[in-house]
Amino acid sequence: MLKQTEGSKAVAEAIALCRPEVICAYPISPQTHIVEALGEMVKAGELAPCEFINVESEFAAMSVAIGSSAAGARSYTATASQGLLFMVEAVYNAAGLGLPIVMTVANRAIGAPINIWNDHSDSLSQRDSGWMQLFAETNQEAVDLHIQAFRLAEELSMPIMVCMDGFILTHAFERVDIPAQEQVDAYLPPFDPRQVLDPAEPVSIGAMVGPEAFMEVKYLAHAKQMQALERIPQLADEFKKIFGRDSGGLVRTYRADDAETMIVAMGSVLGTIKDVVDEMRAEGHKIGVLGIISFRPFPLEQVRAALIKSKRFIVLEKSLAVGMGGIVATNVRMAVTGSGLRGFTAIAGLGGRAIPKSSLHKLFRQAEQEKLEPVTFVDLDWDVVNKQLEREKQNRRSGPIAENILFDKGMSSSAKFG
Amino acid sequence: MFQIRIHGRGGQGVVTATEMLSVAAFEEGRHAQAFPSFGSERTGAPVVAFCRIDDKEIRLREPIMEPDALIIQDPTLLHQIDVFAGLKPDGYVLLNTHHTFETIGLGDFAKERDRGRLCTLPATQLGLKHVGRPIPNVPLIAGFAALSDMIQLASVIKAINEKFSGKVAEGNIAAAAEAYALVKEQMKEHAHA
Amino acid sequence: MSFQPVKFYQTGTYTVGNRLLAPDERSVQANQMRGNSINSGHRACQGCGEALGARYAIDAAMVESNGQLIAANATGCLEVFSTPYPESSWQVPWIHSLFGNTAAVATGIAAAMKAKGRHEVRVVAQGGDGGTTDIGFGCLSGMFERNDDVLYICYDNEGYMNTGVQRSSATPPAARTATTMPVGPEPGNVFGQGKNVPEIAMAHGIPYVATATVADLRDLEYKVRKAMRMHGARYIQIFVPCPLGWGTASHDTIRIARLAKESGMFPVFEAEHGEVTSVLKIRNKVAIGEYLKPQKRFAHLFGKHAHPETVARLQAIADRNIRKYGLLEEETD
Amino acid sequence: MPSKPFAITLKPGTSLANLTGTWRTARPVYLDRLPPCNNACPAGENIQGWLFHAESGDYEQAWRVLVQDNPLPAVMGRVCYHPCEGACNRGQLDSAVGINSVERFLGDEAIKRGWKFEVPAHGSGKKVLVVGAGPSGLSAAYHLACMGHKVEIHEAGPLAGGMMRFGIPKYRLPRDVLDAEVQRILDLGVTLKLNTKVASIDLSMRQGGFDAAFLAVGAHIGKRTTIPAGDASHIVDAVSVLRSMEGEDKPMLGRKVVVYGGGNTAIDVARTVKRMGGEPIIVYRRTRDKAPAHDFEIEEALQEGVMIKWLSTIKQAGAGEITVEKMELDDKGFPQPTGEFETLAADSVVLALGQDVDLSLLDGVPGLEVKDGVVQVAPNMMTGFPGIFAGGDMVPSQRTVTVAVGHGKKAARHIDAWLNGTNYESAAKHELAEFEKLNPWYYSDADKTVRPMLDIIRRQTSFDEVQGGLDETNALFEARRCLSCGNCFECDNCYGVCPDNAVIKLGPGKGFEFNYDYCKGCGICVAECPCGAIKMVAEDI
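Taken in sequence, the protein lines are chains A, B, C and D. For the first sequence, position 261 matches number 261 in the working numbering, and the numbering has no gaps at all. For the second sequence, position 8 matches number 1008 in the working numbering, and the numbering has no gaps at all. For the third sequence, position 248 matches number 2248 in the working numbering, and the numbering has no gaps at all. For the fourth sequence, position 272 matches number 3272 in the working numbering, and the numbering has no gaps at all.
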C-alpha cells in the first residue's frame, strides 16, 4: 500500500511484517522513531507474539538479541553512532556465534565532538565485525532491504545491519509502498535456526576455540559472506517476483553505459548525485553512477565490472579513515586493482554537513578533468582549518578546537556577544 | 519541483507542518518529500523544516537553499536569522502575524516583491481560537494552500484527518478553513489594490 | 532457618545425603541418578569451589524445572574450564556470549521462550563475581529492574581468577591479589566501601535474593529450588572458595566456605521483595583469624610482620554483619 | 536442519573424553577404621556395626549383629560398665552415645519378640565340655554351639548364671531377663547339667568323651582378712551374702551392717542391705576417687541412704560394735594409719575384699601353671594341658561380666580351631578412628538421652530394677547419635562434594567407589567425610 509516511515509521511497519519475536530497544537518535513505533504496535497487540524489551544500554540490546536469537526467536534491534560503538563487543559476538539478528543502523557520526547528524562512520567502523551491511538509498529501499535481510541472515546464519541515513531518511516523509502481509509471508519463511538452545536437544554454544581451530572458524565466516555475494542478487530477483520492485542486490548503476567518469557512493546521497548527473548529462558530460548496496560482503567483482569501462571514478563517501582517507574508496580501489583507472576520494557530509548539488557539480567537473587531489574534502572551510593549524603552531595550548572553529565561523555565543 | 521552507521554533509544530504539507500533496497524487533540519529539537530553539513537491520521484536530499515558498511561523525570528536567505525572486512568503509587512518593519522588503505572493496571517490566534492552543502550523499550511494554490484545501483537510481525530481534528479543520478564507480575502484585496 | 529442619537424624541436615531420609527429603546431589549438569572431564583446578557450586546449583535448577532449563554463562573460569573446543562439560542447553552481558543474554532467551509460548522452559544466568558485580553490573541491574524471568547466579570467588587473580569489587579488604600486592604500608586490597550486590539486588525490590555457600549444600539447594519456583528476576550469590586464588589447600574448599559463614564474614540469608526473610545462623562462631589464617592471600596479616589492626578491622566487618543480619542465635531471640 | 556451526557449538557432555585423573598426585581410598567403642569393648562387640542397623530401625538385624559377638545383650545392657562409652568420640562433641542403653533396648526387644539364634544346619561331631554356667561359660557354649559343636555345660550350682545371678543384685539385673537369655542359648541344643560339680576335669572329660574343655568356674570364694574379733562378732563374706539372696533363706545380718571394702561388690551388698531394711555403712580405707567401685554406683548408693566412711580400716570387731581407725593418704596415695579411733555400732560385718578361685578340679592335670591363685593360659586361652582351655575370673584378667563373655568368645574360636587341627588367627585390627580423623561439623547437636531412674523410695525399699530402659523412640534417637567412626554410613558427602563427579554411588548398602579416570586428587572428600572413612594415598609417580 502506498503511503506518505516517515522513513522510521515505514521501516517499523516492514519489521512488523517480518513477524519478529523479540525486539530490543534503547533510545539513541536518530533510530528512536523506529523502535517507538514497534513498541506501540507490540503494546497494542498488533504485533504478536512478540516481546519488546526496553533495555538499559545498546550493549544490552545486542546481548538480549543474542540470547533471543540463540533461543530460536527472530530478533531485531536498531541503533546508531555511539550506540553502535557501545555494543561493539556484542556486535562481533553475534557474528561470531552466527546469530541471524537484523539491526537497523540509522547512520550517524561518531563523537567527539558529539554530533547527532548523519554520516557513515558508525556502520563502517564495524565493517570487519562479521556482519553483513546493506545500505538503503531511499526509504522504499530501507523497507525492502529489511525484508530481504531477515531472509538472507537466517539462510546463512549471519547477522545483518541495514543502514539508512539518519534524519535524511529516518525522519523524511516520503512515498513508500508498504507490502502486504501475504507478500512478506510468501517471501520470508519462519525462522529455522541452524542452532538453538532447547532443552530437548542440548548444545553448548560459544565454546572457547584455540589456535587449532580459530582460523577455520574465521574462514568459514568469510566463506559465508562469499556465499552471500551469490545469494543477494538471487534474493533481489525473488523479491521482484513477489513485490514487483527492483530493490536490493549488490550494486546498482545509473547512466553508466558510456560513462567515462563514474561516481561511486552509498546511501541517500545517491539521489542527489543522480540529479546532478542528469543535469551534467544534459550538458553532454559522459558521467554515470555506481551505487553500492552491499558494503559487506563487498562485491569486488561487480564493482570492477561497473567501473572497468570508464576512465576514472570518484568515490564520494560520508566517512573518513583518519590518517588514511576514504574507507569505501579503499575497498573500491581494491576492486579495480591493476586496471589503470584513475580513482579519487571525496570525503563529504561528515557530521551532517549538507551535500548540495552545487558542490557536486564542481567536484564532478574537477574529477572529469582529473584536477583533484587523491583525497578531497568537500566544502571544507580551509580558512578555519588553516587558522587553527596556525594557532596550534604558535601555541601548544591553543584551546578547544571545536570552540575555536565556532568562533572563527562567528557562530559561538561568545563570538556574537563578546 | 516546488520547494517550501518553514521557519519556526521548537514546539510550534514546524516539522509537523511540512509533513502535513507532504501528505496533502501525496493525497493529490503527487510526489512529496518532507524533512526537518535535524536538530536536537528543543522547545524555543529556531527550527527549519522543508517540503518538496513534484510530479515525479524526488531524489534530491540537499536542504532547501533556494525555496519557492517560505512559511514563517514566528516573526521574532526575523531579527535573529536571515529567514529570507535564498528565497527565489518570485517566491511566496506567508508570515504568522496579525500585523502587516509594513507595520512589522518589512515594508521595504515587501516593496521589492510581488505583493500577490506575500501574505500575513494571525495563525497563532486562529490556533488558540479553534484548537485552544497557540500552535500556528495548521492555519499556516491552509493559508499557504490559499496563497500558492499548490495544494487544495480539501487535501489539507485530508492531511488533518490523517494526523488528528475527533475534536482536535474538527478544531484544526475549522482553523484551516478560516485561515484559507482569510488569505483568499487578502489576496483579493491585493489583486484589487 | 531457611528450611524446616528435618526430623532428627544422625547427621541432621548437614551432610549431602542421608540413607535414613525419606526420598522427598533428600538432596538433589545425593541422588544416585543425579543429572551432573557439568560433566566430569572439565578443566577446573583441583578442589574448585566454582565447579562444585555450579553443579550444585544447576542440578537443583534442573530438577525443579523438570529438565526444562537453559543456561547463559559469562566469560570466566566456569566458561573456560567447561567448554574448551572440542569438548563441553555441560549437559544443559548452554550459551556463552561475553563477559559483561550474561544477564541480558538470559533476558533474551527468556523473551524468546515467552514469545514462543514455551512457558515451561526456565532460564538461568551465571557468572563469576567479576562478570556480575563489575563488568556485567549494568546488564544485571537492567534485568532486575525489568523483573525479567531469569534466575541469576553469581559464583563469588572474590576476584578475577581466570585472568590470574586480580582484584574485583568483590575482593575483601586486605586480600592479596595480583593487582593488590601485599607491599607498602597498607598491604593488600584497600578498605573501600565494598559492593554488596545482594543488597543492591534487594534495592531493586526483585522477588528473591539469597546468598549461600558451597559449605551448606542443603541450604543452597533449598534456595535454588525456591528461586526456581518463583518468576521474575531472582538473584543468588554463592560463595565459592578458589584454592588457586586464595592460596588454600585444595581439600579445604568447603571448610573455608564454612569458616566464612561461621565467622560472619559472609552472611547467608534470603530476602523477598527487598526484605530479609531469613538468615542462616552461625552455629559455632569463630574469630576472623580462624577464617583468614588458612588463606595465603591474608598471610601478610600474620607472622613476623603482622597487622593486628587490619585483622581487627576485618573482625569489625564480620561483627557488623553479625549485628546487621542477626547471625547469632541469641541476638534475635 | 543445517549442521551446527563448527567449533563454536559443541555437543553436550563431551568432556568425558578428557581424563582428568592424570592430574592426580594422591588418590583417595575408602577404608574402615576401628571405632573406639569396638576397640574398647572387652566382649569384642561390633558396636558401630549394630548401631548402624538400629539407626534405621531394623532392631532385629542390629540384635543379630550384636549377638554375633555377645549372646547376652539384655544382661550386658544392664551390668556392663560400658568402657565403649568412655572411648566414644561423641564424648568430645557433646556426650558419649548411650551404647549400653541401646544394647539393653535391643536385648529386651529380642526377649519381647522372642527372637532366637539360628541353629547350625550341620554338626561337627565334636564334643566340648564347658565347666561353669557363668557369663564366660555361657558365652563359650553359645559360640561353640553356633560352630556346630556339641556342648555340655556342667554347673556346680543350682541355677545357671554364675556371678550374674549370685553376685549381682536383682535390682540391677532382674532374673527373668537372665533366665530368658540363658534359655535362648540352651535352645541351641546346649546341654546344661546343674548341681554337677566337676571334681576332676580329667575324669569328667574321659567319662563324657569330650574332645576339649573350657573351664570357667569363676571366683566364688570370698577373701578373708585378719580382723581381731570377739566370739560374738558376726563376720560374713559378701559373695555368700549375695548368693544367699537368691535362696529361700535370706541372710541374717541384723540392722546395723558394716560392709568392708570399696569395690562394686561392697556397694552391691550395702544397697542390698538397705533394701532389706538394714542400715548399711561402708568402711573403706581410701578415698572415694581411689575406690574401685564405679562412681555412678557409689552415687546411687549414697542417694539411697548408704553411709560410707572413707579413709577407715576396721581394727577390731566385737559384739554389736566395731572399732575403726582413721587413715590418711601418703605422698604416693597409700593409706597410712593415724592412730585416731572410732567405734561404730555393727550387728554384722560383711567383708567385700574380693574373691578367690576354687581350682580343685584341676588337681592332677599335668602341665598347668597356677600363679596368684589363677590359671595361666596362652594367648589362645589354652591352659598348659592341650585341649583344656580356661577363661573368666579364673584366669588373669579384669573380673567383669563383659570380659568373661569376651573370654568365652575368644576361647570358643580357638577351641574350634584346635578341634580342626588349625590355628585361629584373628583379623588384624584396623587403624583406630580417632576423633581427629572425623569431621564433626556434619553431626547434629544432640545430647545423650537420659534413661529413667526408679523413684528413691522404691529404690530403698524394693528390689525393683533401678535403671529403666529406653523406649523405641529414644533408643532410635540414641542409636542415631552414633558418629559411625571410621565406617562409612552412606551420608553421600563424598559423592556430593566432589567437584569432578568422580565418586560413584553404588546404591543403598553398597557404598561408593572412586572413578579414578576423573578424580583429580583434591582431597575434599577426605576432608569432608564426617566419619573418617577415606584417606589419601600418594600416587606412585
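In case anyone wonders, no lab produced these hints; they're calculated from the structure. Watch out, some of these pointers could steer you wrong.
[What the hints assert, rightly or not] Below are the DSS-like pairs computed for lysine-lysine, each with C-alpha atoms no more than 30 Å apart in a straight line:
no.: 1; chain 1: B; residue 1: Lys-1111; chain 2: A; residue 2: Lys-3
no.: 2; chain 1: B; residue 1: Lys-1129; chain 2: A; residue 2: Lys-362
no.: 3; chain 1: C; residue 1: Lys-2296; chain 2: D; residue 2: Lys-3535
no.: 4; chain 1: C; residue 1: Lys-2195; chain 2: C; residue 2: Lys-2226
no.: 5; chain 1: D; residue 1: Lys-3223; chain 2: D; residue 2: Lys-3309
no.: 6; chain 1: B; residue 1: Lys-1056; chain 2: B; residue 2: Lys-1088
no.: 7; chain 1: C; residue 1: Lys-2226; chain 2: A; residue 2: Lys-9
no.: 8; chain 1: C; residue 1: Lys-2116; chain 2: D; residue 2: Lys-3011
no.: 9; chain 1: A; residue 1: Lys-362; chain 2: B; residue 2: Lys-1111
no.: 10; chain 1: A; residue 1: Lys-241; chain 2: A; residue 2: Lys-218
no.: 11; chain 1: A; residue 1: Lys-241; chain 2: B; residue 2: Lys-1167
no.: 12; chain 1: B; residue 1: Lys-1088; chain 2: A; residue 2: Lys-43
no.: 13; chain 1: A; residue 1: Lys-224; chain 2: C; residue 2: Lys-2285
no.: 14; chain 1: A; residue 1: Lys-357; chain 2: A; residue 2: Lys-3
no.: 15; chain 1: B; residue 1: Lys-1129; chain 2: B; residue 2: Lys-1088
no.: 16; chain 1: A; residue 1: Lys-218; chain 2: D; residue 2: Lys-3223
no.: 17; chain 1: D; residue 1: Lys-3290; chain 2: C; residue 2: Lys-2285
no.: 18; chain 1: A; residue 1: Lys-357; chain 2: B; residue 2: Lys-1056
no.: 19; chain 1: A; residue 1: Lys-224; chain 2: D; residue 2: Lys-3223
no.: 20; chain 1: B; residue 1: Lys-1056; chain 2: A; residue 2: Lys-3
no.: 21; chain 1: B; residue 1: Lys-1088; chain 2: B; residue 2: Lys-1111
no.: 22; chain 1: B; residue 1: Lys-1129; chain 2: A; residue 2: Lys-43
no.: 23; chain 1: D; residue 1: Lys-3535; chain 2: D; residue 2: Lys-3437
no.: 24; chain 1: A; residue 1: Lys-240; chain 2: B; residue 2: Lys-1167
no.: 25; chain 1: D; residue 1: Lys-3290; chain 2: D; residue 2: Lys-3535
no.: 26; chain 1: B; residue 1: Lys-1129; chain 2: B; residue 2: Lys-1184
[What the hints assert, rightly or not] Chain A is faced by these chain C residues, among others (derived, beta-carbon under 7 Å):
no.: 27; residue: Pro-2093
no.: 28; residue: Ile-2109
no.: 29; residue: Val-2276
[To be verified] Take a look, some chain A residues computed to stay more than 12 Å from chain D by CB distance:
no.: 30; residue: Ala-70
no.: 31; residue: Gly-98
no.: 32; residue: Glu-201
no.: 33; residue: Ala-207
no.: 34; residue: Glu-212
no.: 35; residue: Leu-220
no.: 36; residue: Asp-379
Glycine residues also receive a C-beta, built at the ideal position from the N, C-alpha and C atoms.
Hint check:
1. B:Lys-1111 x A:Lys-3: violated (42 Å)
2. B:Lys-1129 x A:Lys-362: violated (51 Å)
3. C:Lys-2296 x D:Lys-3535: holds (25 Å)
4. C:Lys-2195 x C:Lys-2226: Answer holds: C:Lys-2195 to C:Lys-2226 is near 25 Å, not above 30 Å.
5. D:Lys-3223 x D:Lys-3309: holds (21 Å)
6. B:Lys-1056 x B:Lys-1088: Satisfied, since the Cα-Cα distance of roughly 22 Å is no more than 30 Å.
7. C:Lys-2226 x A:Lys-9: violated (44 Å)
8. C:Lys-2116 x D:Lys-3011: The hint holds at about 24 Å.
9. A:Lys-362 x B:Lys-1111: Not OK: A:Lys-362 and B:Lys-1111 at ~36 Å, beyond 30 Å, violated.
10. A:Lys-241 x A:Lys-218: violated (35 Å)
11. A:Lys-241 x B:Lys-1167: Not satisfied, since the Cα-Cα distance of roughly 45 Å exceeds 30 Å.
12. B:Lys-1088 x A:Lys-43: violated (47 Å)
13. A:Lys-224 x C:Lys-2285: violated (62 Å)
14. A:Lys-357 x A:Lys-3: holds (28 Å)
15. B:Lys-1129 x B:Lys-1088: Outside the cut-off at roughly 33 Å; violated.
16. A:Lys-218 x D:Lys-3223: Given pair A:Lys-218, D:Lys-3223 is violated - Cα atoms ~101 Å apart, limit 30 Å.
17. D:Lys-3290 x C:Lys-2285: violated (40 Å)
18. A:Lys-357 x B:Lys-1056: holds (18 Å)
19. A:Lys-224 x D:Lys-3223: violated (107 Å)
20. B:Lys-1056 x A:Lys-3: holds (15 Å)
21. B:Lys-1088 x B:Lys-1111: holds (15 Å)
22. B:Lys-1129 x A:Lys-43: violated (35 Å)
23. D:Lys-3535 x D:Lys-3437: Holds. D:Lys-3535 to D:Lys-3437 sits at ~9 Å (cutoff 30 Å).
24. A:Lys-240 x B:Lys-1167: violated (44 Å)
25. D:Lys-3290 x D:Lys-3535: violated (42 Å)
26. B:Lys-1129 x B:Lys-1184: holds (19 Å)
27. Pro-2093: This interface hint holds because 4 Å falls under the 7 Å limit.
28. Ile-2109: holds (4 Å)
29. Val-2276: Nearest chain A Cβ about 26 Å off; hint violated.
30. Ala-70: violated (10 Å)
31. Gly-98: violated (5 Å)
32. Glu-201: violated (9 Å)
33. Ala-207: Per Cβ check, A:Ala-207 is inside 12 Å of chain D; nearest 5 Å; violated.
34. Glu-212: Violated, because the least Cβ-Cβ distance between A:Glu-212 and chain D comes to about 9 Å, which does not exceed 12 Å.
35. Leu-220: Non-interface label on A:Leu-220 violated, nearest chain D Cβ at 6 Å vs cutoff 12 Å.
36. Asp-379: holds (46 Å)
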